[in-house]
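Each protein sequence line maps, in turn, to chains X and W. Take 1 as the starting number for the first sequence in full-length UniProt numbering and just add one per residue. Take 1 as the starting number for the second sequence in full-length UniProt numbering and just add one per residue.
By construction, these hints were calculated from the structure, which means they are not laboratory data. Cβ atoms here follow ideal geometry from the backbone N, Cα and C, with glycine treated the same way. Errors might be hidden in some of the hints.
[Claimed, not checked] Pairwise CB distance ranges, derived in the manner of DEER restraints:
1. W:337 to X:71: 53 to 59 Å
2. X:252 to W:298: 45 to 51 Å
3. X:59 to W:375: 48 to 54 Å
4. W:204 to X:231: 43 to 49 Å
5. X:81 to W:298: 47 to 53 Å
6. X:252 to W:46: 35 to 41 Å
7. W:6 to X:59: 56 to 62 Å
8. X:307 to W:344: 51 to 57 Å
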Amino acid sequence: MCRFLIFKGKEPILLSHLLTRPAHSIINQSFDSRLRLDRRRPINGDGFGVAYYPTDAKLGEDGPCLYKAITPAWNNQNLSTLAEKTKSNLVFAHVRASTYGVLSETNCHPFTYHSLCFMHNGGISNFKKIKRLLFNHIDDEFLNFLQGGTDSECAFALFLDTLAKEGCDVKSKEGQFSHQALRTALIKTIGYIRDWTKQANKEAEHAEPSLLNFAVTDGSTVVVSRYITSKTDEAASLHFSCGSRFVESSPGEYRMERLNRSQDVIMVASEPLTFERGDWTAVPTNSVITIKKQTVLIHPILDEYFQTDPLYPRSSKLAESKGLMGSVPLAKAVERDVPPLERECRSRPLSTTARLS
Amino acid sequence: MASSNNPELVHKWGHGYSIISIISFPKRNLLFAGTQDSKILAFTLYTYELVKTIQLGDDQELNTRSSVLCLERSNDENYLFSAGADSLVRVWSLYEIGGTVQVREVATVYSVTDIGDIFSITYLDSIQTLVFGCQNASMLYLGNIFDKLLAAEENSPCDLNRLPHRRYDKFFDSSGPTGQPSQKQVASDKFHEKALQNGPCNLILEISSENIINYAHNGFVYSISKLCLSCSSLLRNDSTSEFEHNHPHEFERKKSLCRSHSDISECIITGGGDGISRVWCLTKNVNGVVSVSSLGTVLDNEETVLAQATDFPFLYCGLSEGIIKIWDLTTKQLVSTLHTPDKSDIISISVYKNHVFAINEGGITLFHDKEVIHWNEHQDKMLSSDLFERRIGPNEMQLSFLVGGNDGTLRLWNLSEVLKNSLTEIENQASELGRRKSIALARGSSLKPDSEHMLATLRDLIGMQSVSQSPSTVEQLESRRCATYLSKLFSKFGAKEVHLFPLESGHNPVVFASFIGNGKNKQKILWYGHYDVIPAADRNRWNSDPFTLTCENGYMRGRGVSDNKGPLVAAIHSVATLLKAGELRNDVVFIVEGSEEIGSPGLELVCTQSKELIGGKIDWIFLSNSTWVDEEHPCLNYGLRGVINAKIKVWSDEPDRHSGVDGGLHREPTADLFNIISKLQDDQGRIQIPNFYEPLKDISAYDRHRFKEIVDIVQFENNVEVDDLIKNWAKPSLSVTTMTMSGPGNVTVIPQSATVGLSIRLVPEQSVCEVKKALTEYLQRCFQELSTPNYLQISIENCAEAWLGDPTNHAYQVFKEEMTKTWEMEPLFVKEGGSVPCVRALERIFNAPAIQIPCGQSTDNGHLDNENLRIKNWTNLAEIISNVFRRL
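Turn these sequences into a full structure, and let the hints steer you where they fit.
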């Protein structure tokens with residue numbers, strides 16, 4: 001299982017408030033997961049990466065600062081000190097449990113290319129059959145860009161190729177692509193992988209679907225997908241939270257404060273970071289969310305896997321079995337007389353639920 | 001703004017946390033505020049006390065964080081609705097026990113999908129439907145909510161321990177010192193009635209899947225505005241069918257029978273983070289099922305829509321970055337864009353009689369007319385507002401504005417002082433209206449039966465400042481209001497079809513209406529009119545307010561009475577009266593435009609594009625857009641001159657200069673301009689544009705005979721001779737009309753640029769195109785000959801073709817006979833030196849001859865101060881038109 005986190009704020013935030021201090025930060029999530037009973041991949045110990053765009057406009061050009069390591073994130077002293085002294089308005093963070101490819105820094109997310117930054121949570125089904133199709137599709141420029149061998153990095157190359165074919169100068173230092181262009185390119189990238197997955201799985205009766213939670217940014221606009229090539233299964237978990245401030249209410253415990261209706265802080269994460277029931281909203285399966293300035297846009301991905309009935313219960317078994325279903329942390333008690341809100345992975349078996357002691 | 005006009009702070013309340021949402025209950029004199037710390041506060045306006053604090057949820061510690069983002073009330077003020085960050089909608093019932101207001105939660109509405117925060121909520125009283133917009137871009141609704149509650153309660157008596165009000169009892173402290181009148185509790189629905197008797201119980205209602213509109217927007221649904229029932233009907237595509245009734249009496253009966261069995265629809269407009277405002281229609285069908293459909297209207301604001309307000313036909317959108325966009329919902333056009341001084345997001349917006357109040361972090365901004373008033377009494381960021389009329393005495397209302405902020409303060413402002421001037425104006429108009437009405441009623445018998453109605457309509461129309469020449473925002477809104485008023489009027493009068501045609505140029509829409517006659521071998525008549533007017537100019541020269549219809553000594557006064565609202569009202573009422581009496585023999589269509597005074601841009605295009613809709617074959621085009629030649633003799637007009645209005649500009653690369661420093665060093669734009677303008681006419685005033693006079697024919701003996709007759713009959717003021725009439729009516733002319741220069745206008749300053757305005761009147765023999773071409777080429781040639789380094793620009797402002805009717809045709813003859821009957825004298829056949837831009841164009845498009853029927857006298861003062869119209873001329877015109885429509 002992998003986890004990722006995206007922060008975009010009107011004011012910059014200290015990285016430690018996102019990465020190291022919250023009891024349920026992705027770093028601590030990966031640590032806590034050692035206690036869990038996940039049978040397949042118990043530990044997010046295959047490295048991590050943080051990409052942040054500096055607040056200094058000049059330094060912010062031509063991509064973010066990137067810090068990757070293959071040691072388990074919870075043991076990395078450098079990360080702790082760095083996070084205590086670094087502020088940014090736009091942060092991408094990722095902890096990895098390898099599903100494909102070896103343990104190496106080149107295989108750690110996020111991946112960057114000039115102004116662009118990319119990460120993935122999930123996996124491309126039957127990638128060994130798809131790889132050649134993908135290599136044939138993209139330009140040499142992007143084929144040669146590949147350094148590692150993971151499905152995720154290939155997906156980024158495909159995205160770059162698609163964005164370039166949309167008429168964008170992907171080598172631009174400033175980024176500043178339109179939100180439409182980024183979204184269109186991401187949806188098209190998903191479309192290619194969807195079609196190739198279908199092609200590759202033609203013979204296989206019960207082939208696994210591809211889980212494509214992608215996140216991409218050009219330094220100003222962020223586009224994140226939650227997608228699965230299935231009409232009945234749920235995609236890997238993805239939540240977002242917006243509000244006025246992200247504040248520490250007691251040591252290690254954070255909450256999203258809403259003082260008004262504007263979205264000064266926007267976070268997207270594979271697993272909620274706070275214990276507040278109302279703080280986090282699930283991104284609907286098979287849709288794309290876009291952060292344009294400080295506004296959140298949500299677009300459906302309309303294809304054969306789209307469910308028109310908003311109440312259709314997708315099965316979360318597959319995503320869970322792959323450890324791709326984030327748990328929702330529970331605070332002390334649940335309010336008595338409110339209706340259930342148990343869809344979209346809000347209720348989990350106790351064994352997989354992280355709890356504060 | 002003078003300090004005396006600052007709003008008066010009536011009261012200020014403090015709370016520890018942000019006030020995010022506000023709603024007033026004016027009838028109950030109560031205010032409710034939703035807070036960041038999960039509370040709803042209730043204040044009474046009798047004593048300004050905090051009378052209730054309602055804590056949402058069970059566990060205080062657990063729930064202090066779910067902000068109450070939106071509040072709504074039912075019209076009868078028996079229910080309060082709240083929603084917010086906890087994804088729940090709570091329905092509260094209000095009633096009084098012993099003079100103390102009680103607030104109980106009666107239902108909690110939820111969805112099993114993860115909808116996130118609820119940002120907006122509205123309640124549609126007529127169909128008992130609750131609609132709310134959410135963070136996950138979806139819109140949810142729940143129809144027949146109180147019927148559902150009643151049914152649910154009867155089926156399963158609920159567990160008393162679950163009742164939320166048990167939990168809240170401790171918060172209910174009695175209040176209500178003296179002064180509260182005992183209001184009789186009125187139960188408007190069965191559920192409320194029952195609740196009053198037994199006390200309510202809390203029920204949990206789930207939104208089912210068919211009541212969820214996924215992706216209603218592609219962003220958070222920040223706001224929902226509603227329209228009233230009758231305005232909603234105007235927006236729906238089938239609106240005209242409702243008014244379809246050729247047999248008025250039958251229609252009346254049918255309507256009363258069907259009333260309870262027909263669909264009820266209300267329209268709402270949602271605004272989203274994707275910058276779109278979208279119009280939806282919620283319909284309760286005959287079986288009582290509520291459904292929603294999109295009307296397909298998508299207004300793209302480009303920026304996030306955070307707040308909306310409606311004042312039909314307008315939608316006011318508060319956007320990010322301090323922008324307000326005003327849309328015309330009937331034509332789906334953007335009318336105007338306003339900017340607050342502070343460039344932060346508009347959180348809340350309210351509208352009251354053309355006053356727009358916008359709230360953002362920087363404070364409160366009031367837009368009215370051309371004024372922008374901004375104030376912020378050290379209140380931190382402002383988050384919410386509500387505007388309402390508050391009763392402060394038996395007959396006294398105070399316009400109040402309530403603002404909540406993130407510092408937890410809630411302030412109540414009295415706007416009476418700020419709006420005093422503009423509201424006094426409105427009030428004066430209203431009382432003037434009342435006074436005129438009573439005068440008119442007193443002498444009612446001397447007027448013709450229909451004229452009271454006509455006066456009422458004209459009074460409404462004159463009150464709207466539908467100025468089309470470089471209009472201010474208010475004037476733009478007024479013009480569109482005027483268009484909507486006319487379309488409503490046509491519908492009311494039984495028009496078969498009514499449409500507002502928007503113009504691509506964004507100018508005022510064209511109103512179209514068609515009435516169906518019941519005769520055999522009927523003809524089709526197009527009545528052309530316009531609802532726009534010339535600005536009032538210097539108001540001091542008027543004897544009364546130009547935009548208030550004033551009736552004195554048998555005359556009506558006001559901008560537009562003669563040009564062209566008066567004649568238009570006469571025509572509309574004639575047709576309406578005939579239709580009502582079942583005596584409309586012929587088909588009549590109305591084309592009423594709103595840009596005649598600026599040269600009818602776009603009218604030709606709209607008529608061409610909508611020719612089929614307007615009704616392919618037209619037999620006659622009627623218009624009444626001019627006056628008699630004197631005060632005594634009724635006229636029929638059969639000729640108008642054409643016109644070319646142009647601006648000639650000469651400028652240099654140099655800036656404005658001083659004649660002492662630079663005089664004599666340069667070729668100067670003013671001299672160059674005078675030089676070429678002087679070449680337009682020779683010393684005798686003969687126009688020098690090449691081939692200008694070539695196409696002109698000698699005046700016919702027939703025309704000369706008519707002119708002679710006119711000169712003999714009419715008592716012209718300054719001994720007008722036949723030759724003068726010929727020059728004015730049948731010969732072209734060129735006038736240099738305006739001169740403007742850059743610079744301060746100091747006599748020692750050499751201007752950098754100079755502009756002259758030309759108005760050239762043409763006769764039917766001349767082609768507008770050719771004269772335009774010849775003029776441009778001639779001026780350019782003259783300019784070249786000067787060999788000056790300066791530049792020349794010729795811009796044609798507008799133009800119109802000349803028109804010549806055939807006074808011998810059937811319609812003219814019928815008019816002549818009818819006029820003779822009504823006025824007891826034969827009308828004169830006259831021409832006019834002026835122009836109406838679209839007459840020739842309409843004739844060409846519809847291939848039908850036009851007939852121009854002057855209405856008022858030569859003293860009407862159209863375009864000048866104290867524009868007036870004799871009531872006798874007006875009512876006689878209505879009579880003549882009625883008779884002609886019947887006879888043709």
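Verification of the supplied hints:
no. : hint                       : result
1   : W:337 to X:71: 53 to 59 Å  : holds, 56 Å
2   : X:252 to W:298: 45 to 51 Å : holds, 46 Å
3   : X:59 to W:375: 48 to 54 Å  : violated, 41 Å
4   : W:204 to X:231: 43 to 49 Å : violated, 31 Å
5   : X:81 to W:298: 47 to 53 Å  : holds, 52 Å
6   : X:252 to W:46: 35 to 41 Å  : violated, 49 Å
7   : W:6 to X:59: 56 to 62 Å    : violated, 47 Å
8   : X:307 to W:344: 51 to 57 Å : violated, 39 Å
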